[in-house]
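> The lines below spell out each chain.
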Amino acid sequence: MPSLLLFLILVPAIGVILLLLLPSVFKNKSFLVSLALIIFILALMVSYLSFNKVFKFTFGNLPWISGTTNLFGALIDPLSLLMLTVVCIIGAIVVIFSTKYLDCDNKEHPVERGTAYYYIWLFLFIGSMIGIAISPNLLQFLIFWELTTLCSAALIAFYETEKGAKAGFKALLMTHAPGLFFFIAVVLLFIYTKSFEFNAIVELSPLIEIIVVLFLLISAWAKSAQVPFYTWLPDAMEAPTPISAYLHAAAMVKAGVFLIARIVVSVYQLPANIGLLIAFMSIVTMYVGLIFYFKQDDLKKLLAFSTITHLAYILLGLGLGTLGCGVALKGGLLHIICHAFAKTILFLCAGVISYLTGTRYISKLSGLSRRMPAVAFAFMVGVFAVTGIPPFACFWSKFLILTGAINMGSHLGVIFVILILAESVGSFYWFLKVAHKIFLGESKEEDMEIIVPPIFQWILIVLVILSLAAPLWGFMLLRGGVR
Amino acid sequence: MILTLALVILTGVILTTLTYKNKKLCGYIAFISVLIINIIILKIVFKVFSSETPLTASFPLFSIPSIGASLLVSVDKLSAIFLALIGLVSLIATLYSIDYMEIYKKESLVRFYPILLLFIGGMLGVVCVFDLFFFFVVWEFMTLASYFLVIYEKEDPVALKAGFKYFLMTHIATALMFIAGLILQSYTGSFSFTAISEAINTVSFSNPVLLHIILALFFIGFATKAGVYPFGVWLPDAHPAAPSGISAILSGIMIKMGIYGILRIFLYILPSTSSHSLIWGEIIATFGVASALIGSFSALIQKDSKRLLAFSSIGQIGYIVLAIGIGISLLKNYPVIATISVIAGLFHMINHALFKSLLFLNAGSILYKTNTRDLNKLGGLWSAMPYTTATAVIASLSISGFPPFNGFVSKWLIYQVSILGGRGMPLYYIFGIIAIFASALTVAYLLKFLSTAFLGDLPEKMEVSLKEVTLNMNIAQYILAFLCILLGLFPLVPLSLIYLSLSGSQLGSHLLQFSYLFGNGRNGVNVLLNGNPVGIWRPLFMFFIFLICLLLVYLISKSCGSKKRAVPVWYCGEEYPVDIVRYRASSFYLPVAEVFERWFLLFPPVKGVEKPETIYKILDFDKIFYYPFFNFVVNLTERIRKIHAGIPQIYMLWQIAGIFLAILILFSFVR
Chain A
1 MPSLLLFLIL VPAIGVILLL LLPSVFKNKS FLVSLALIIF ILALMVSYLS FNKVFKFTFG
61 NLPWISGTTN LFGALIDPLS LLMLTVVCII GAIVVIFSTK YLDCDNKEHP VERGTAYYYI
121 WLFLFIGSMI GIAISPNLLQ FLIFWELTTL CSAALIAFYE TEKGAKAGFK ALLMTHAPGL
181 FFFIAVVLLF IYTKSFEFNA IVELSPLIEI IVVLFLLISA WAKSAQVPFY TWLPDAMEAP
241 TPISAYLHAA AMVKAGVFLI ARIVVSVYQL PANIGLLIAF MSIVTMYVGL IFYFKQDDLK
301 KLLAFSTITH LAYILLGLGL GTLGCGVALK GGLLHIICHA FAKTILFLCA GVISYLTGTR
361 YISKLSGLSR RMPAVAFAFM VGVFAVTGIP PFACFWSKFL ILTGAINMGS HLGVIFVILI
421 LAESVGSFYW FLKVAHKIFL GESKEEDMEI IVPPIFQWIL IVLVILSLAA PLWGFMLLRG
481 GVR
Chain B
1 MILTLALVIL TGVILTTLTY KNKKLCGYIA FISVLIINII ILKIVFKVFS SETPLTASFP
61 LFSIPSIGAS LLVSVDKLSA IFLALIGLVS LIATLYSIDY MEIYKKESLV RFYPILLLFI
121 GGMLGVVCVF DLFFFFVVWE FMTLASYFLV IYEKEDPVAL KAGFKYFLMT HIATALMFIA
181 GLILQSYTGS FSFTAISEAI NTVSFSNPVL LHIILALFFI GFATKAGVYP FGVWLPDAHP
241 AAPSGISAIL SGIMIKMGIY GILRIFLYIL PSTSSHSLIW GEIIATFGVA SALIGSFSAL
301 IQKDSKRLLA FSSIGQIGYI VLAIGIGISL LKNYPVIATI SVIAGLFHMI NHALFKSLLF
361 LNAGSILYKT NTRDLNKLGG LWSAMPYTTA TAVIASLSIS GFPPFNGFVS KWLIYQVSIL
421 GGRGMPLYYI FGIIAIFASA LTVAYLLKFL STAFLGDLPE KMEVSLKEVT LNMNIAQYIL
481 AFLCILLGLF PLVPLSLIYL SLSGSQLGSH LLQFSYLFGN GRNGVNVLLN GNPVGIWRPL
541 FMFFIFLICL LLVYLISKSC GSKKRAVPVW YCGEEYPVDI VRYRASSFYL PVAEVFERWF
601 LLFPPVKGVE KPETIYKILD FDKIFYYPFF NFVVNLTERI RKIHAGIPQI YMLWQIAGIF
661 LAILILFSFV R
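Protein chains in written order, with the working numbering: chain A, 1 to 483; chain B, 1 to 671.
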């Protein structure tokens with residue numbers, strides 16, 4: 001098992017090194033696809049072997065900080081398995097998608113050279129996300145966290161336009177500056193408890209505990225694009241669409257909520273005020289996201305705001321979990337995996353549309369289902385999955401959060417339920433309207449010669465099947481309880 | 001057996017997806033799947049009716065223990081009746097669709113038959129599931145499948161708008177039901193119907209106002225699906241937009257799922273000892289009669305054949321809901337009237353499924369042959385499509401309540417219970433009168449439908465070679481017409497079956513004997529109130545008399561020996577072409593059209609909401625804070641940068657100043 005985990009981190013690292021050394025040789029598509037598949041299979045093996053067991057493995061220490069306790073390693077428990085499956089499976093799919101997406105036939109952004117750097121950053125990112133998912137303490141978490149910020153900024157600016165460079169810089173600043181809060185929190189934790197473990201927070205005095213958790217919250221909010229730090233995510237849509245799908249919907253922004261999830265799960269009794277704060281800010285973020293839907297003409301910006309809203313759902317579940325509600329905690333964690341798959345479908349459909357028609361503006365698209373029936377089908381499945389229509393993915397997690405909110409017993413729970421359902425119906429209305437506009441209705445003359453490359457269709461169908469299986473997998477993982 | 005059903009549906013879906021290129025083969029595969037489903041349903045129904053307790057099955061694999069939801073399936077006699085109805089109408093509609101789908105040249109069948117099978121599966125699931133959470137799951141799944149079928153013509157903006165409105169309205173209604181279900185679950189921690197019953201019981205004692213809110217939410221949710229007047233305004237757009245076989249299923253059985261929900265909540269789960277039954281029964285009956293009246297009025301002025309039939313559905317659902325409402329409200333005080341009333345409502349529901357599906361199939365046949373739904377352009381189809389005309393006439397007479405067809409029995413029973421129910425609540429006398437008046441309206445709009453479509457002369461623009469529709473479609477129509485006549489002649493059979501299904505309900509706790517209610521004559525229905533007959537109907541006898549009269553007419557006309565001759569219509573000496581003098585659909589009931597538009601605002605206009613720009617300005621954090629802050633920091637650093645002037649002498653000045661500062665600090669600390 002330790003060797004498997006070692007391979008899991010080493011495979012992307014090897015990919016990075018080989019691509020750095022000999023870019024023209026290893027830019028080969030089959031090499032990249034096989035690397036992706038190896039990561040995918042390794043993740044599956046790890047999941048299979050460690051199902052229902054908790055496994056911890058550490059090595060390496062920094063004697064001047066921690067003495068003889070090991071600092072780096074891996075912790076595999078249901079929560080990290082959840083994150084690991086999301087990261088590796090969607091990562092593999094995104095790599096395979098990118099091999100076709102970044103070529104000269106792309107009508108929106110034709111790319112002819114320089115793709116080696118794309119894959120270097122992408123594999124580095126996959127490796128750092130795996131590091132975050134399996135990290136056993138806050139120090140390793142912090143190190144890989146900052147690495148992901150770097151990769152994200154580099155990948156956003158990939159197309160080397162001015163807008164892209166500005167967006168990348170903005171993302172870097174707006175996630176790194178609050179990341180310093182994370183840094184201070186870790187240092188404070190170490191000063192007071194001499195340990196970096198997640199549950200060391202319990203040993204802090206109440207005032208310091210609130211400060212530490214608050215600082216962690218601030219950095220998590222910035223990373224996950226919540227209010228008031230959300231403005232970097234819509235601009236980050238300058239990135240290539242597979243990157244938007246992976247970093248800014250499925251993986252990197254989930255790192256923030258994953259941090260809070262780790263804290264909530266490891267610390268048994270967080271102060272109730274923190275829970276209320278998380279819940280309140282997540283409701284505010286939900287509605288801010290919803291309000292911005294109606295203004296967007298750019299499909300990817302709309303999906304970015306939808307991501308912001310759904311991360312708020314996850315945080316709401318976690319906040320309610322802090323207030324004592326186990327069902328809502330489960331719902332929030334399940335939403336991580338369900339939303340990742342559903343949003344990836346939507347983003348990759350947007351990618352295929354922009355690849356084939358050269359535009360991603362909703363007002364310019366119409367009647368596309370005639371030539372792209374598979375893409376239309378996947379997009380509709382994605383819309384229903386994201387807005388919570390059974391039996392698709394996010395319904396199950398949303399319903400768990402709703403049940404948890406009501407079971408809290410107070411009137412606050414009913415208010416939360418009404419607010420969540422109102423937002424859910426509002427986003428359903430808008431997304432269905434957008435889907436009708438883009439895919440149904442009259443087709444345009446210039447779209448009549450479109451032929452969808454088969455690999456895109458296969459990827460989308462695989463994703464649809466995975467998104468149906470995702471809630472089942474999530475339920476199996478969380479069945480034994482997370483604590 | 002449930003697993004076999006699921007398996008059959010799944011295989012059907014896969015096979016039809018694979019064979020979608022070959023239209024006829026795909027249709028027949030779908031038909032055979034539905035046939036097998038029907039056989040399994042018949043077995044289940046038979047088993048349920050021959051045993052005392054409902055059939056149950058549970059699938060613990062699909063359970064979520066943390067919220068108390070588990071997939072429990074329970075088929076009691078009420079579910080069995082619905083299952084039989086769903087099976088029958090789906091079978092006939094699928095048979096019809098095999099040939100009907102030829103009119104869609106551009107649309108692919110892969111979006112039709114697989115989704116149709118999933119839709120049927122969804123409906124079957126709705127009536128069998130015994131757990132509120134999974135009920136919601138299957139309910140929304142059924143709505144999802146029907147949405148795809150309504151927007152089948154995906155390039156037609158009218159169909160798209162109709163489907164969108166339908167899905168949005170039912171989704172909002174379901175979200176309201178979620179709230180109610182969640183509140184109930186929090187009392188007992190489980191979603192199964194038995195736990196929900198206990199929860200309702202608890203809430204009715206501890207917090208009656210909350211129970212009113214919960215019941216209101218459930219009622220709105222189910223009434224939206226059923227098409228009751230204010231909530232069902234999606235019906236007139238969605239039913240015409242779908243292909244005709246689907247319209248038949250939507251109008252025939254899917255809106256009955258709303259009725260099923262209302263029955264389950266108000267009759268089977270709500271305890272009869274509470275005062276909530278009384279109040280809610282009256283509210284439901286009021287909505288019902290409003291639906292009957294306004295639906296029928298609106299149908300009078302329609303020019304589109306399917307839209308007319310959709311409004312007619314709203315009207316007839318009003319009757320069903322009226323009867324069920326009266327039953328629920330009189331539960332405690334007049335159990336006899338309540339029982340008869342619920343039985344009448346359910347019987348009308350079955351009848352409506354039969355004759356409304358038949359009418360939609362007829363409208364579909366007209367569309368198939370003449371390619372138009374506009375009643376202004378149709379006419380004289382009796383000569384080209386005699387069999388379709390015959391079945392349309394049978395359906396219209398049934399729906400209007402003519403003896404000896406099935407609609408007569410159910411409508412007559414509904415009038416009886418509303419007048420009799422006036423003892424319990426005087427308002428019901430007025431409801432009865434309105435119901436009878438709405439029946440007259442029903443005759444009126446069906447007269448419009450029949451005479452504009454079928455009677456008269458063929459318009460010249462239509463093909464002279466207009467022929468009857470194909471055999472499959474005809475057989476489908478015949479079966480329904482035959483069933484209309486059969487249920488009309490032998491009404492006691494379905495009435496007794498429905499009566500048996502009430503045993504699980506709140507009525508069943510002191511259910512009176514069937515013969516006490518309806519008499520035990522084989523050849524007719526006696527309505528008995530405390531042993532005294534208040535109404536008698538002998539259908540076979542009347543049918544016999546009717547046949548004798550027909551025979552007399554035939555004999556008399558034969559014996560006179562008069563010849564029949566066909567002459568053109570007399571227009572006072574002028575010769576007009578048929579198209580100019582035809583009495584078009586728009587000319588019918590003009591006074592009603594004028595009054596109606598003024599008095600009933602059926603579809604309130606929805607103003608478009610403009611995007612409020614101020615909110616976006618307030619929420620633009622970039623402009624308010626981040627960019628100014630960033631610029632401030634950059635300006636600050638620009639100013640500090642000016643220290644590096646590039647002139648070596650300035651740097652030496654800084655160094656000397658620094659040395660002075662260091663010496664100062666050293667001296668102030670070293671003391």
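The set of hints was computed from the structure by calculation and includes no laboratory data. Glycine residues also receive a C-beta, built at the ideal position from the N, C-alpha and C atoms. It is possible that some hints are incorrect.
As the list claims (entries may be wrong) - Here are the computed lysine to any residue pairs in the SDA-like style, where the Cα-Cα straight-line distance is at most 25 Å:
| hint | chain 1 | residue 1 | chain 2 | residue 2 |
| --- | --- | --- | --- | --- |
| 1 | B | Lys43 | B | Lys623 |
| 2 | B | Lys106 | A | Glu445 |
| 3 | B | Lys617 | A | Arg371 |
| 4 | B | Lys467 | B | Leu447 |
| 5 | B | Lys161 | A | Leu290 |
| 6 | B | Lys623 | A | Glu445 |
| 7 | B | Lys106 | A | Ile291 |
Unchecked claim - Chain B stretches covered by chain A per the calculated footprint, using a threshold of three residues with CB under 8 Å from any CB of chain A:
| hint | stretch |
| --- | --- |
| 8 | 151–160 |
| 9 | 164–174 |
| 10 | 282–295 |
> Taking the numbered hints from earlier one at a time, note which ones the structure violates and give those numbers from smallest to largest.
Hints 1, 3, 6, 7, 10 not satisfied by this model.
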